Amino acid sequence: MTVAADVSLQALLEELALVAAYAAAAGLSLDTASLGENSLRFSMTFPNREGDLFNAEFECTDFPLHPPTVEFVSADRTQRGTLNLYPQGFHPTPCVCMRYNRKAYGERGGPHGDWRLLDWRLPTGNGVAIDTLALIVSDLDSKIRQSSGRMG
Amino acid sequence: MGPPTVRLRIQTPRGLWSMDQPPNAQKRPKYAISTKVEQVIADARSVFGFVEEDSKYTLLRGGEVLEPQRTLASYHIEDDTLLVLSVQGGNA
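As they're listed, the protein sequences go chains A and B. First residue of the first sequence? That's 26 in my numbering, and the numbers climb one at a time after it. First residue of the second sequence? That's 2 in my numbering, and the numbers climb one at a time after it.
Treat the hints loosely; a few may be bogus.
Pairwise CB distance ranges, derived in the manner of DEER restraints [stated by the list, open to error]:
(1) A:L147 with B:P4: 28 to 36 Å
(2) B:P24 with A:A49: 19 to 27 Å
(3) A:P117 with B:K57: 16 to 24 Å
Hints in this document: simulated from the structure, not taken from any laboratory. Quantities reported herein were computed from a predicted structural model and do not represent experimental measurements. C-beta atoms are modelled at their ideal positions from N, C-alpha and C, and glycine is treated no differently.
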């Protein structure tokens, strides 16, 4: 661990206030029940175009120095990272292939060996820099709302 | 007496835009009901500095996507309605 857990937790709590406001307005479900220094994670539920629900977990060790690990999980949290838990439209590994997802980096087994974790706030292409939790949630929400079906 | 207007609240990933938030905003979300959705998107972007063109910006009411070319009146949007500016970054 690079960032002390209490520092990460404080940063998360500061950003989650805006995430909560955004989620409430957008009709998304935010679950912070397990969030604490020993569990730097929260989860959200996103609907796709057909109203099917997808559960995403954000594991935030070393946040904000490093980005969260974003992973789709089953509603009961017993399965994670399988194709049937992913909405259509993401990288087939499967992975949310964005700089804000630690899983996308080569050093974590992801497809991008050309990215550095410390640069996670850089924009992808010429788009908006997705550099806060609220922007991460908005980006995911936008992509999932446009998708239909599951990857597997 | 001018055309009918609505005062909106727009939640963005950078904060809420309303008649009093953020305090230093150069414009406020008060619109003639004949205003197109695309104008509201443009104004919300400018208030929060979303200048990048290579991104997708969408206005939502709950889970409903509002079409940019339609007017606020066509959605029967009323005073104090809460909308969402959804922002999608580029793709890797």
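(request) Enumerate the violated hints, using their earlier numbering and listing them in ascending order. (result) When the structure is compared with the hints, only number 1 turns out to be violated.
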